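Asks: Given next are the chains, with one letter for each unit.
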Amino acid sequence: MTTSTKAYELRGLGVSFSGVRALDGVDLEVARGESVALVGPSGAGKSTLLRVLAGMVAPTTGTVRLLGGDPSVLRRRGELPAAVGLMPQSFDLVPQLRVKHNIQAGALGRWGAIRSTAALLLPLEDPRAREAAARVGIEERFHQRVSRCSGGERQRTALARLLVQNPRILLVDEPVSSLDPARSEDLLELLRRLAVEDGRTLVASLHSPELARRHFDRVVGLREGRVAFDGGSSAVTTEQLTDVYRLVDEHPSDSR
Amino acid sequence: MSSTSQRRRLVVTRPRPTARTALSVLLIGAFVLAFLGLDTTDDLIHQGGLQAAARLARSLLAPDLSPEFLVIVLDATLVTVSYAVAGMTVAIVIGIPGAVIVSGVLVRGRRARAVSSVLSRGTFGFLRAMHELVWALLFLAILGLTPVAGILAIGVPYGATLARVLGEHLQNAPKEVILALRSSGASRWQELVYGRVPVASGDIVAYLAYRFECAVRAAAVLSFIGLGGIGYRLNLALHDFRFDRVWPLIAALVGLIAIIDVVSARTRRTLQA
Amino acid sequence: MSEAPAPRLRRSVGRSAVDARHVLVAVLCVVGVVAAWWFVLAQATGPLPTPATVLGRTAAFIGNLLGAATDAPPAYAQLERWVDMSGLVFDTLVMSVLAMGLAGAGALVSIGSASRLMMVGDVGTRRQVLGRAVLLLTRGTHAVLRSVPELIWAMLIVFVLRPGILAGAIALALHELGVLGRLGSDVLDDLDPAPLRSLRSAGAGSPQLLMYGALPQVLPQLVTYLLYRWEIVIRATVVVGFITGAGLGHQLRLSLSFRRWTEVALVLLLYVLIVWVVEAIASWLRRLAR
Numbered sequence: 045m046t047t048s049t050k051a052y053e054l055r056g057l058g059v060s061f062s063g064v065r066a067l068d069g070v071d072l073e074v075a076r077g078e079s080v081a082l083v084g085p086s087g088a089g090k091s092t093l094l095r096v097l098a099g100m101v102a103p104t105t106g107t108v109r110l111l112g113g114d115p116s117v118l119r120r121r122g123e124l125p126a127a128v129g130l131m132p133q134s135f136d137l138v139p140q141l142r143v144k145h146n147i148q149a150g151a152l153g154r155w156g157a158i159r160s161t162a163a164l165l166l167p168l169e170d171p172r173a174r175e176a177a178a179r180v181g182i183e184e185r186f187h188q189r190v191s192r193c194s195g196g197e198r199q200r201t202a203l204a205r206l207l208v209q210n211p212r213i214l215l216v217d218e219p220v221s222s223l224d225p226a227r228s229e230d231l232l233e234l235l236r237r238l239a240v241e242d243g244r245t246l247v248a249s250l251h252s253p254e255l256a257r258r259h260f261d262r263v264v265g266l267r268e269g270r271v272a273f274d275g276g277s278s279a280v281t282t283e284q285l286t287d288v289y290r291l292v293d294e295h296p297s298d299s300r
Numbered sequence: 027m028s029s030t031s032q033r034r035r036l037v038v039t040r041p042r043p044t045a046r047t048a049l050s051v052l053l054i055g056a057f058v059l060a061f062l063g064l065d066t067t068d069d070l071i072h073q074g075g076l077q078a079a080a081r082l083a084r085s086l087l088a089p090d091l092s093p094e095f096l097v098i099v100l101d102a103t104l105v106t107v108s109y110a111v112a113g114m115t116v117a118i119v120i121g122i123p124g125a126v127i128v129s130g131v132l133v134r135g136r137r138a139r140a141v142s143s144v145l146s147r148g149t150f151g152f153l154r155a156m157h158e159l160v161w162a163l164l165f166l167a168i169l170g171l172t173p174v175a176g177i178l179a180i181g182v183p184y185g186a187t188l189a190r191v192l193g194e195h196l197q198n199a200p201k202e203v204i205l206a207l208r209s210s211g212a213s214r215w216q217e218l219v220y221g222r223v224p225v226a227s228g229d230i231v232a233y234l235a236y237r238f239e240c241a242v243r244a245a246a247v248l249s250f251i252g253l254g255g256i257g258y259r260l261n262l263a264l265h266d267f268r269f270d271r272v273w274p275l276i277a278a279l280v281g282l283i284a285i286i287d288v289v290s291a292r293t294r295r296t297l298q299a
Numbered sequence: 017m018s019e020a021p022a023p024r025l026r027r028s029v030g031r032s033a034v035d036a037r038h039v040l041v042a043v044l045c046v047v048g049v050v051a052a053w054w055f056v057l058a059q060a061t062g063p064l065p066t067p068a069t070v071l072g073r074t075a076a077f078i079g080n081l082l083g084a085a086t087d088a089p090p091a092y093a094q095l096e097r098w099v100d101m102s103g104l105v106f107d108t109l110v111m112s113v114l115a116m117g118l119a120g121a122g123a124l125v126s127i128g129s130a131s132r133l134m135m136v137g138d139v140g141t142r143r144q145v146l147g148r149a150v151l152l153l154t155r156g157t158h159a160v161l162r163s164v165p166e167l168i169w170a171m172l173i174v175f176v177l178r179p180g181i182l183a184g185a186i187a188l189a190l191h192e193l194g195v196l197g198r199l200g201s202d203v204l205d206d207l208d209p210a211p212l213r214s215l216r217s218a219g220a221g222s223p224q225l226l227m228y229g230a231l232p233q234v235l236p237q238l239v240t241y242l243l244y245r246w247e248i249v250i251r252a253t254v255v256v257g258f259i260t261g262a263g264l265g266h267q268l269r270l271s272l273s274f275r276r277w278t279e280v281a282l283v284l285l286l287y288v289l290i291v292w293v294v295e296a297i298a299s300w301l302r303r304l305a306r
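Chains as they are written, first to last, in our numbering: chain V, 45 to 300; chain C, 27 to 299; chain R, 17 to 306.
So here's chain V without its partners, still in its complex pose (with noise of 0.2 Å):
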């Protein structure tokens, strides 16, 4: 695709939906093969800005680079599914089909109308699929209908797909929202894990400062649409994580 070494390039990203401004002013890099954590309190734009990697929300103002290039550019040459993915904080799967067929979802831009629809009415699999599930732990389930799942269960699924869609940078929005803490760990571990191992970006939104920094190798801190600190996960200090999240409840009514 490009050779630029950078993942992102944001410069004064601004993003208003019909006059509200969800992000202003935004400037951030990340690197290839590094691992970042958003951080704040809901309505900060840590969605906003994901949906912007993701290539699915433009910029109202600034300019975006991904790989070196234009998402919209991207997405017009058919190269945006290879070069980034999301994980939505709903999953968004399809509950009527199986584990399977959603996994196999994410290889549907590389396949034909054929296949695709061959491997949906025919007991077939593609053997990336069931690789796929078995690196996430979801393999005992892979016949299984969705809708006959749990939320974890959910969850490895669309990570699964997202294996098998197999872009170069993985988005992820808040991962650990709905697990306790435990399997949080177990999770963000695993996220960790399929990242460094295929040597891929990761960009992650979280609701737990002290998850970030356990996890990851840098933490941005976001308020009310803005970039409130950009550090390693060593250097951020708990002050500075507690300010976003204190700063945002002395003042509820802007929030957004």
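It is worth saying that the hints were derived from the structure and are not from the lab.
Small disclaimer: the values here were computed from a predicted structure and weren't measured.
C-beta atoms are modelled at their ideal positions from N, C-alpha and C, and glycine is treated no differently.
Cβ pair distances, simulated, as ranges:
#1 R:96 to C:63: 18 to 26 Å
#2 C:262 to R:293: 37 to 45 Å
#3 V:64 to R:293: 44 to 52 Å
#4 R:68 to C:267: 44 to 52 Å
#5 C:136 to R:76: 37 to 45 Å
#6 R:214 to V:64: 37 to 45 Å
#7 R:46 to C:96: 27 to 35 Å
#8 C:123 to V:122: 22 to 30 Å
#9 R:208 to C:262: 48 to 56 Å
#10 R:51 to V:167: 25 to 33 Å
#11 C:123 to R:76: 23 to 31 Å
#12 C:96 to R:43: 24 to 32 Å
#13 R:58 to C:92: 24 to 32 Å
Using the hints provided, position chains C and R relative to the given structure of chain V.
Replies: Chains C and R in isolation, oriented as in the chain V frame:
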């Protein structure tokens, strides 16, 4: 709990009395005017009508349950179901591709989608306008007395209806699921088979079952154009004043519809589980 | 991470790779469809028309409708024929309005006793056994009324009533009462039981509960259903008119049997127009109700 009940109460007492009252007056007024407009110079009940009603009611207690007649009932039921199944296959062959065309989900670009939607809606709207038995009369006039006329009479208008209703189901798939598929590079066709169809499968099956129920009722009256089935036997019984044979035939029809009802409810539950 | 070529799909293995029930249902469906077609086509007394004959004859029929079979000016091109037919259009409309009114009134009276919520349980009547019996009886009646098509009701009714608009309206209303009864009692069953329960504990009897607690809530929905069903009933009215000798249906029968094709075309044209007009009126009234 209290919030939902409050919400419901708000809906009920939402003060829009003018439109509501106007509508009630309009509807009741139309009904009363229609009644007043009736020509009531003739008696409503014709000569011997009461006697016929009494005989019909009495035969309810003594229906013809002889083995020979029950075989006839069974045969008539099978004929009726078979017409319904054959008609529904034609309807599905027309309606499923039609639904995809009407929904415009395979077409890229807003203008192209609008053109395809208007054209297909116009065509199917015309086919849908006429009752299946009017179609039966037309196909009878075209093809003569052949089972094909009955099959097409059910298949053509039902196919058009399926196209419209199933097309709407395909359009209404949750946006997030479709966007998720699109972001992993899915084409329009893949979006359809991996997203829209499975998501709507419960509604699709329920609607097909409902249409099949309607098809059974329609097939039961194909005697209207001289074809066999429950209606044909019913006609014979009424002609011969064999009122005791009326009720077993009606019971067969009612039982048939009840079975379809139960099976469709169960299928729907398993699909959604 | 270079893009490897997509690996071949291989057969899925494992206990639940194939859902045996789905396969069974699919096989049964195919067998059933084949059997049904075979059985239906075996009813034919003569040779079956080929697709080519079907298309050919359809084209010829459309030609007839347009006036190819006669030198006389087509009926649909004569203003006085439109005027003649307008009375039939009016009769057809009256028949459908009467049918909807009768069915709506019947539904209003009967949906309370067809609702599980209103008849049994802690909201239901105090005499549970009686409540259950009435519930079953009303639901059964609705089911029978619904299962039997309008046309069969019409066939039975002309044995009792003088053929005409009212007989047709009653036949239509019987079937429609079954449909509206089911729809209406489902709406009642979906009500939030909490307010009803408190009304009941305040000492309200069943009729009061229905009048003050339940019906006001479901009435708007019922009117919406009534208007939706009117669109369906107007289509069926023509067919019932065939049996009870009234309206456009009666005219269609006459025109068809005398093979006056351009007159058939005019009747069909009026039929489609009346259906579209009713759909427009019904959707306008539904907006008004909202």
